[in-house]
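*Asks:* Read off the chains here:
4 protein chains.
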Amino acid sequence: MIDYQKTIEKIHNDVMAYAKLGKQADYIPALAAVNPDQFGLCIQTLEGGRYSTGQWNTRFSIQSISKVFTLAMCLSIRGDALWQRMGKEPSGNAFNSLVQLEYEHGIPRNPFINAGAIVMADILLSNLKNPEEEYLAFIRSISNNPTIEYNEALAESEQSCGYLNAAIANLLKYHHNIENHIHDVLHFYFMTCSVEMSCEELSRGFLPFANHRMQFSFEGCALTASQVKRINAIMQTCGFYDEAGEFSYLVGLPGKSGVGGGIAAIYPSRYSVAVWSPRLNEKGNSVMGLKALELLTSETSESIF
Amino acid sequence: MIDYQKTIEKIHNDVMAYAKLGKQADYIPALAAVNPDQFGLCIQTLEGGRYSTGQWNTRFSIQSISKVFTLAMCLSIRGDALWQRMGKEPSGNAFNSLVQLEYEHGIPRNPFINAGAIVMADILLSNLKNPEEEYLAFIRSISNNPTIEYNEALAESEQSCGYLNAAIANLLKYHHNIENHIHDVLHFYFMTCSVEMSCEELSRGFLPFANHRMQFSFEGCALTASQVKRINAIMQTCGFYDEAGEFSYLVGLPGKSGVGGGIAAIYPSRYSVAVWSPRLNEKGNSVMGLKALELLTSETSESIF
Amino acid sequence: MIDYQKTIEKIHNDVMAYAKLGKQADYIPALAAVNPDQFGLCIQTLEGGRYSTGQWNTRFSIQSISKVFTLAMCLSIRGDALWQRMGKEPSGNAFNSLVQLEYEHGIPRNPFINAGAIVMADILLSNLKNPEEEYLAFIRSISNNPTIEYNEALAESEQSCGYLNAAIANLLKYHHNIENHIHDVLHFYFMTCSVEMSCEELSRGFLPFANHRMQFSFEGCALTASQVKRINAIMQTCGFYDEAGEFSYLVGLPGKSGVGGGIAAIYPSRYSVAVWSPRLNEKGNSVMGLKALELLTSETSESIF
Amino acid sequence: MIDYQKTIEKIHNDVMAYAKLGKQADYIPALAAVNPDQFGLCIQTLEGGRYSTGQWNTRFSIQSISKVFTLAMCLSIRGDALWQRMGKEPSGNAFNSLVQLEYEHGIPRNPFINAGAIVMADILLSNLKNPEEEYLAFIRSISNNPTIEYNEALAESEQSCGYLNAAIANLLKYHHNIENHIHDVLHFYFMTCSVEMSCEELSRGFLPFANHRMQFSFEGCALTASQVKRINAIMQTCGFYDEAGEFSYLVGLPGKSGVGGGIAAIYPSRYSVAVWSPRLNEKGNSVMGLKALELLTSETSESIF
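Protein chains in written order, with the numbering used here: chain A, 1 to 305; chain B, 1 to 305; chain C, 1 to 305; chain D, 1 to 305.
Here chain A stands alone, though its shape is the one from the complex (with noise of 0.2 angstroms):
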């Protein structure tokens, strides 16, 4: 019987010794104030359990692990229809390469880069009433907690800086993949980037796809356990950008990364992960948190391997 929590208390310590590596992002002012030196984890267990040390119930921008909800609520809308508007396979690029998006002629790769992500706002923009308030529905409901928020002005300033965003949206947009207006494509985007979490929160939110087996009926979103675990496979493959064979070798979990720090992940059947630390690898990956689901699949012998 593994006990997590002095397992994961053993973890922050060692992960201590990488506490000055990597750089928080900085492109946007919002970004650039959070105090680096934080390190957060939270566990929540199928069974009911939740073990958590450090900065577990601190709330950051959960940026691109945003993506895994947004996925859930397209399936959801459009099922398998979605597969025409972008591919499932990992990308073999940086998560914001323009050059794949032009030899694939508008289709992006996964839902999990930038352009895919475009794609499916542009899909739940066309599909909701009110998008903003479906989409944090959702997220509120899935975490079973109405206190979490977008971060508007954070939001509006990646957007005022978001050329390379805007470049791929033009770009889908001539290749007819985008229905919407490119700024508001843009805006929803970078709204469902903007929410933040804590932790504790996000592991939560995250529960649902470890527990493949339960009902996944969230409000404004429903899934069948197939569907679910079609999610965690993709999360699988192409969810920490041209890091996910590395994440995939060392971690051996369904997971999704942001560049808030954060790291979401789950071990299917027994419990959810969210771990949070500023300082990111030259990849966009938080070197901290890689280092610590490492650490916790190799001490605990869990892992989907």
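Please keep in mind that the hints were generated in silico from the structure rather than gathered at the bench.
One or more of the hints may lead you astray.
[Stated by the list, open to error] DSS-like cross-link-like pairs, simulated, lysine-lysine; straight-line CA separation at most 30 angstroms:
#: 1; chain 1: B; residue 1: Lys283; chain 2: B; residue 2: Lys10
#: 2; chain 1: B; residue 1: Lys6; chain 2: B; residue 2: Lys23
#: 3; chain 1: D; residue 1: Lys283; chain 2: C; residue 2: Lys283
#: 4; chain 1: C; residue 1: Lys283; chain 2: C; residue 2: Lys20
#: 5; chain 1: A; residue 1: Lys283; chain 2: B; residue 2: Lys283
#: 6; chain 1: B; residue 1: Lys23; chain 2: B; residue 2: Lys283
What you are looking at is a predicted structure, and each value in this text was computed from that prediction instead of being measured.
Position chains B, C and D against the provided structure of chain A, taking the given hints into account.
*Replies:* Relative to the frame of chain A, chains B, C and D by itself:
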């Protein structure tokens, strides 16, 4: 309790609907001469169960499935130093793409694209006294079957028209990532691909990968549990060329395919499975084999996600 | 002594065999509305001769031919410092490729692909007090014709659906190669493309490039003989998108084409020529225009090679 | 009236300021052994003038300059059918890029990148009875010099380490754009590159390209005036790898360079010039050679533009 025998017989029946789809490999006479209307499947469980259907006892050319055995030997010999010579990220391109290799200066994306396997062949040539004998001895040992053989005529036939692999090998040599003579490396590479095994033999050879908590020690190859899990992780993210995401999405098991029409996969802690049918889809993976495995994990609700 | 009038009349007759080949630009209504069955040609010699045939007097949208005028102004203003913002090598790709721009970190290959022209528009915005007025004044001056005008409606129409150019501009801005607001840069860029000139006016405007031993000094633009020759050199290597080699091979004159169906070219020390016909080949160059120029240099045996 | 002798002596003096810049080719011992501190230049006019300076009489390896002679022979033999096997557009990439070749399915961009020249070698092998003898006979004939020879030892040395060219040849063969045995094609290709000529001999060999109104008929090669002009056009757009635009911009003459440090160019209707100095810039073109030609066209105000 799942009745695997009944399940696979039902699957066999169901996949017959796909019997005429796809096209077998025909770039060399020896592969083109195989009767394409064959299908075999064999599951072997860690508890010793063995369930089979169709042409489970007919040998076929394992082709790229051999890359898993090669990786096991290379990891055993070189440990993590192996990753100085290649990456472990999915490629996002066709299995034989030179483009990525040129952009990345001769470092193959992962061990399961041809470029990676050619570098592994070079490593074995440099580190083994009698590479061909020792490689075969390992496969015979892990499969517990002393009758497994190379098909040397097929290997020679492949080499005689293997211009693309020769281009890859030359590009690797240009980037100083091949130590031995190109001709020798390619000869050994094609020999490893030419090994012939039946579904029964192949599933037996993959069983130790499913059994990642037992000792992995066979003639010429000893791995830790962690190393076995990492091989499984690479199968998951890179085992199906540019269809790895699709396989992960539909099947959800680590596996590896070959152009001979074979696929081997594992369900960790439970079973290994080999399936074979020569007709391939346009990505080079067996049509009936993929469908059979998709049905297997759907019907049993057993997958890693 | 060549009888240019007789020659071009014969050419006009000969190119009618190609009258229905190709397809006019139709991505905006204003271009699609042009009667495609038109052909005009005008040669003007340094000695003051003027020879014309067909719809030589009908104005059309000069589109990318404007890039030559823009380059002249930018070289006049910035000198060789211009080349810190863009290259002068042929692109080897379609005129609007984002791939090269991404690999080369926001430095356009040359001034005659859209990315280069957008950077030049940015440069003029930064360096001119009244960019639109001054640009038009220069074109009126070099063409010796005060009636030349922008087609502002066409410019706005292009901008409203110019997603690919917007993608390019955003990518340039991301790489810090645009100083002004993207919307302003694109507006000015599309304005420069919207200028309408007849073959007669356009050949007049190109005559100074043929006359590289005379003073090149027009309102807002003064160049040395060496600078004029270098503009000609860039026309030669980069003037026809990914058909520059073909044009050089078949015609052998420095020139520039536009999607409005116009082509302007020069025979140094001798003449300038403008030809126009709306139907384009798949590379975006006028079918009859290309053929007419090929016949012109073949029949006269006059080319730079 | 230009005093060419005085001009080139002044140029010789001026370029000495660049004498130590760049690095000679050292990938094979035979090239690395050349004394890098040499400079030679020779101009020959159609009127029979010959002006030379420095080591104009020292033979060097012409390397890629041979591609012009090869193209002349191939055009003579195959006519425009040659362009079914290769393009004539500038490549926009380094001279040995495999990327473009893979994207374009084995059709080289132009005859002056290595891939194109390897296909031309294959064409000569298929069409000539004694390719090596006949090729040398043509060069001797066009240069009016029966003593010109291959350097067979150098050719063998190049082939023994020519992994990149072997990769290219294998990729071409894979795409069915090589008819003969790869080894034979590469052997002949390296032989053509190994020809040794002095500046005096090389300028003599290029004089017929400048003289495009005279009959072009030499042993084994007869071309129309139009074909000669087209070879010149290809030199202009493709003669300097990914520095073709720069050369066109600074020099303004059709020409071709080689890694042996030689450059040959022509001023149509007037003269041919060969210059040689072993130190190369990072693009593989002779530093002093480029500078000398830039000064030549600047000082004389003679260029094609």
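*Asks:* Any hints from earlier that this structure breaks? Give me their numbers in increasing order, please.
*Replies:* The structure breaks none of the hints.
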